[in-house]
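K.L.:
Below are the chains, spelled out letter by letter.
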Amino acid sequence: MDMHTAKRVEIMIEAPLEKRLTAALEKAGVTGFTVLPVLGGSGRSGRWSREGQVGRAGMVAVICLIRPERLDTLLDAAFAVVEPHIGVVSVTDAMVLRAERF
Amino acid sequence: MDMHTAKRVEIMIEAPLEKRLTAALEKAGVTGFTVLPVLGGSGRSGRWSREGQVGRAGMVAVICLIRPERLDTLLDAAFAVVEPHIGVVSVTDAMVLRAERF
Amino acid sequence: MDMHTAKRVEIMIEAPLEKRLTAALEKAGVTGFTVLPVLGGSGRSGRWSREGQVGRAGMVAVICLIRPERLDTLLDAAFAVVEPHIGVVSVTDAMVLRAERF
Amino acid sequence: MSSIFDLAASNLISPIILSFALGLMAAWARSDLTIPEAIAKGMSIYLLFAIGFKGGASVAAHGVDAKLLTAVGAGVVLSFGLPLVAFTLLKIMTKLSKIDAAAIAAHYGSISIVTFVAATSVLEGRAISSEGYLVAVAAAMEAPAILSALWLVARGGTNAKMDDGLIREIMLNGSIVLLVGAFVIGMITGEKGLAEIAPFIVSPFKGVLCLFLLDMGLIAGRGLRAAKGVVTLPIVAFGILMPLIGATFGLAAALLVGLSTGGVLLLMVLAASASYIAVPAAMRVALPQANPAIYLTLSLGITFPFNLTLGIPLYLTVAQMVTGG
Amino acid sequence: MSSIFDLAASNLISPIILSFALGLMAAWARSDLTIPEAIAKGMSIYLLFAIGFKGGASVAAHGVDAKLLTAVGAGVVLSFGLPLVAFTLLKIMTKLSKIDAAAIAAHYGSISIVTFVAATSVLEGRAISSEGYLVAVAAAMEAPAILSALWLVARGGTNAKMDDGLIREIMLNGSIVLLVGAFVIGMITGEKGLAEIAPFIVSPFKGVLCLFLLDMGLIAGRGLRAAKGVVTLPIVAFGILMPLIGATFGLAAALLVGLSTGGVLLLMVLAASASYIAVPAAMRVALPQANPAIYLTLSLGITFPFNLTLGIPLYLTVAQMVTGG
Amino acid sequence: MSSIFDLAASNLISPIILSFALGLMAAWARSDLTIPEAIAKGMSIYLLFAIGFKGGASVAAHGVDAKLLTAVGAGVVLSFGLPLVAFTLLKIMTKLSKIDAAAIAAHYGSISIVTFVAATSVLEGRAISSEGYLVAVAAAMEAPAILSALWLVARGGTNAKMDDGLIREIMLNGSIVLLVGAFVIGMITGEKGLAEIAPFIVSPFKGVLCLFLLDMGLIAGRGLRAAKGVVTLPIVAFGILMPLIGATFGLAAALLVGLSTGGVLLLMVLAASASYIAVPAAMRVALPQANPAIYLTLSLGITFPFNLTLGIPLYLTVAQMVTGG
Ligand SMILES: Nc1ncnc2c1ncn2[C@@H]1O[C@H](COP(=O)(O)O)[C@@H](O)[C@H]1O
Ligand SMILES: Nc1ncnc2c1ncn2[C@@H]1O[C@H](COP(=O)(O)O)[C@@H](O)[C@H]1O
Ligand SMILES: Nc1ncnc2c1ncn2[C@@H]1O[C@H](COP(=O)(O)O)[C@@H](O)[C@H]1O
Ligand code: NA
Ligand code: NA
Ligand code: NA
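Chains as they are written, first to last, in our numbering: chain A, 1 to 102; chain B, 1 to 102; chain C, 1 to 102; chain D, 1 to 325; chain E, 1 to 325; chain F, 1 to 325.
A few of these clues could be false.
Unchecked claim - Computed, partial: chain E to chain C, Cβ under 10 angstroms: (1) ILE39; (2) ALA40; (3) PHE80; (4) ASP164; (5) GLY165.
Stated by the list, open to error - No farther apart than 25 angstroms at their CA atoms in a straight line, the calculated lysine to aspartate or glutamate pairs in the DMTMM-like style are these: (6) LYS27/B x ASP2/A; (7) LYS19/C x ASP32/F; (8) LYS27/A x ASP164/F; (9) LYS98/F x ASP2/A; (10) LYS27/C x ASP32/E; (11) LYS228/F x ASP164/E; (12) LYS192/E x ASP6/F; (13) LYS19/B x ASP164/D; (14) LYS192/F x GLU124/D; (15) LYS192/F x ASP164/D; (16) LYS98/D x GLU83/B; (17) LYS228/F x ASP2/C; (18) LYS228/D x GLU51/B; (19) LYS27/A x GLU83/A; (20) LYS19/B x ASP32/E; (21) LYS27/C x ASP32/F; (22) LYS228/E x ASP164/D.
Claimed, not checked - Which stretches of chain A does chain F cover? Using the computed rule of at least three CB atoms under 8 angstroms from a CB of chain F, they are: (23) 16-22; (24) 42-55.
The hints are simulated quantities; they were obtained by calculation from the structure and are not laboratory data. Even for Gly, the Cβ is constructed at its ideal location relative to N, Cα and C.
Work out the full structure, taking the sequences as your base and the hints as a guide.
P.N.:
In structure tokens, the structure reads:
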């Protein structure tokens, strides 16, 4: 199977920021991402859980697969949104099928 | 802790295809996988979101941890299902505990 | 962007064990983790799905980003909880922003 | 003619239609108002269970009509036949590929149960009775259209991904099973069963329908926003013309079967409406090359609101004229 | 005897039972019909709140019966004792390991609140009254059985993972807290409080129960499909014999306490029913080596439908014969 | 004075308050009782839709009052002004940073629709009527306070992240759109529309409110547990003093506008209550440096229960004394 190197960026961010993050990613030329729900978690700002919440509470996980050479642009864009907020950003090496999509 | 190398395959695929994908994986001898919900995303076919949807709309993420030597069989099986559809496949190097399970 | 090496540990565990796992992680000095919902899956104990379930059924995925040197402590803590139960543990190399958080 | 407009106007200011309009407008204004997926699914399960049960109980009350089987047969024929009409029309009116045209055709042969539900509540509001078994007709009309559309594609040499699994999935999809199952339960337990659970499935029904239509409005509105550019004027024209044609075929079938005024309306509505739940999922499996943005926007964004606002009052006027009811 | 069959037959054609049957059949036919997890949990919260509240309001109306404490005590004794009976029976009838047998035994000492709810709605349908505080008895019977089962295992030298956290979790698990909390609220606010929220917790109750049982049927059916091979004939036999034995113990306890006909039925049902929510979660923590496929299939796939369809009418006939009610 | 206590006592033993207390206690005891997020959101959608619709229908029934606009204007002024009062008070009473104080101030200028709903149900229980358009006032009061608070921060030189997107989000946030939309639908369809869906939005309303307050109690209780240490005594004192001050301003405004007794109570409650849904989300975007643990705990853990239990009866007594109603 024909595989191509890529980076998998995983951004956990507060739900009220989701729109701003994805807008920033799109502006930075990121062509694809996937948003996963998050049930709860723990960090420097304490423990939280989504259960019973009503508003745009909690966090979401945004996953982007991108070509390695575009990583920096993406991280700059993401960082500008995440920086003053609660959230973590991690990057993993990955291989993808159908590279023309990224 | 005794760790073993493995591959972590992450397949984002349209929800109506989930059954077909997991059936194909099982047929290809994949012994385990986990299905995560997806809230929304964006790609070449545009932006979508799960909110308010009624039918088997949206996507799911299927995660498989497998021994490296079985990667190709898995990708062939997955690709046959994903190929004509909307979806992305990525592979990451990983280490697993309890290798006898994979 | 200033990145630091880290490990991304992904633990899929039965939902009734979630509290025990996160308590064990906190006791082992893990400062952050994120819990993702799981829709269903398959493994040695068969196929299962969350749909329609009422109790604390099913599984959750717990993701920890940690400094590499703390991996062993974390795995020991996690393994003690996961070992007699249904679940899988995998580790991936990653890079993180804002290393002071980990 | 004035009565059509009166009817349309009084229909338009019902809480049901206005809730749909609210959803449309909220989506248009890019409000973040959303109904959680689980709640939307829960409401659709409620509506299917309620409408099925009430249909069955009504059949139990009025006796199994000899026309039941004829009506179901007529529904199946309509569902098989309408995609051919829709396909031909699309090939004439638009420049869509054969695959896209076939996928759209499948939607118009099948039915929208929410449009059906909205029509029953218009009938109730006017105290016009109808044959309870039309619920069974609705269920019977869900699937055949998919087969027709796949045949249209296969005939052209393209490979539609038709396998045993898919046929099984279509026939046993959740909506059909729930609708038919509730219908049978209603038939078995009859008026007594209905009385037991009426405070759940009858009294709050219209209110739940309002919230469900709010959600439909949100989804349709967001779909329309996203589909600008994809959906051309001829496609929109098809989305309004086709329900009128479907309704005409439905009318003919209803008269052949010999339904009551209410029954005529409901069969017209079934024929006029387009699926946006079962068929889209089947199309993603069977015709993945077809563009979902087109068929979803058409059925949910154009035809559904058209039927809801203008279609139903129009069909009702015609049904009353024709049956003298 | 004929009356048992009449009762069973009339019970079988209620919307509640038929909804369960629909779920079973849909699962059997591998339909993709599913109820979202959040909706299923929402319905179970509704049912627990409603049944607790109504029990409390009924106690407030009829005065705190001197027998309340005796009945709760009897329930606790049953819950502690029945696992020993179940365990012995399993060791005699089946080849299950000690761990598996103990895990199953825990389920049968504990209770199924949905079976209890179904029984109250049979009583209501027949206008037979019962002691409101049996809701409190139900809550009291949830947990002790787990301790018994863990003692059975520990006695054999195997390490059950029993820690303070687990005891706390069992005693304060959501279902117990909600049931007892709603009971207390019902007792405090009494008939007046009930009147305020009756259109929510009384009128639509049966309808919600139908949809909930549809979901139970789906889960039970899917469990039965998956468990083919794991669940042998002797195990199935246990799943039908044990509720009869439990009901007999429940009958004895109810007569000792001096309950009314309705109360006798309900205590029989509590003793006869097997948990499938609280106890399975506790077993995954405390006895992870036990195979969940066996105990879940037994309690939800065999004993639950048995009680629902044949058990309740049978117990009611016996309760009426014995109390002359 | 004794009547305040009588009123408070009778208020305290309503199912609504006790459900909230149950949630608080369950959280305090670390029970795992939880309401799924989707169900909680579904209930809040239901409550907003119902309260909006009923307000609109009431306006339709009583004619559009000339005071409607004045009342909305008064609400907007209150929402703009109260944050300044709250901010000053916080700077005097506590050692909080300017950012934290401003964030809290935004919450107290805005409103809690659930407190409003609880107050309307107290009015209904006492058959005291109120102006339906206060629902519109409630909607109008949601957003201005956020702008005030951001101005407070910007004035001090710190950069609040205020952009067009945020203003749009605040004005078009789901709660406001749903509340106003349902109000307009209620106004258009009037009594007739209300009659159609009353079995959904009127009869079960109080019961749904109970379950919703159970959830609020769970969240507030868990927040209070987690916030030990963060929330100091002066902060708690503010959480009780500020609603009293807000209510006083609300009273003055209500008298200026010339509202009825019920209307006076409701405007007092709006001014006294603090947001815990819309404003927290806006603060995470606009003032991320502010500590959410403080403002959430204050508004949901201190002020909300205070208003629910003691505040509403107190305000009602005052409103009755002042208006002689
Ligand atoms: N080390 C970590 N690994 C995984 N998730 C984390 C980690 N640290 C923080 N998070 C997630 O990010 C959220 C906010 O973290 P913090 O800003 O540290 O409070 C937490 O609630 C977690 O969901
Ligand atoms: N680069 C990407 N990274 C992460 N997810 C993606 C990416 N591209 C596509 N996806 C996901 O796959 C779905 C379909 O993609 P596409 O086929 O490109 O429209 C999107 O809606 C996303 O959920
Ligand atoms: N190889 C695997 N890859 C991903 N998830 C797995 C794998 N094996 C097991 N799982 C997950 O862990 C659960 C329990 O696995 P098991 O203990 O093997 O039954 C499964 O239902 C899956 O959700
Ligand atoms: Na049609
Ligand atoms: Na029992
Ligand atoms: Na306020």
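K.L.:
Going through the earlier hints one by one, which of them does the structure break, listed in rising order?
P.N.:
Structure breaks hints 3, 4, 9, 10, 15, 17.
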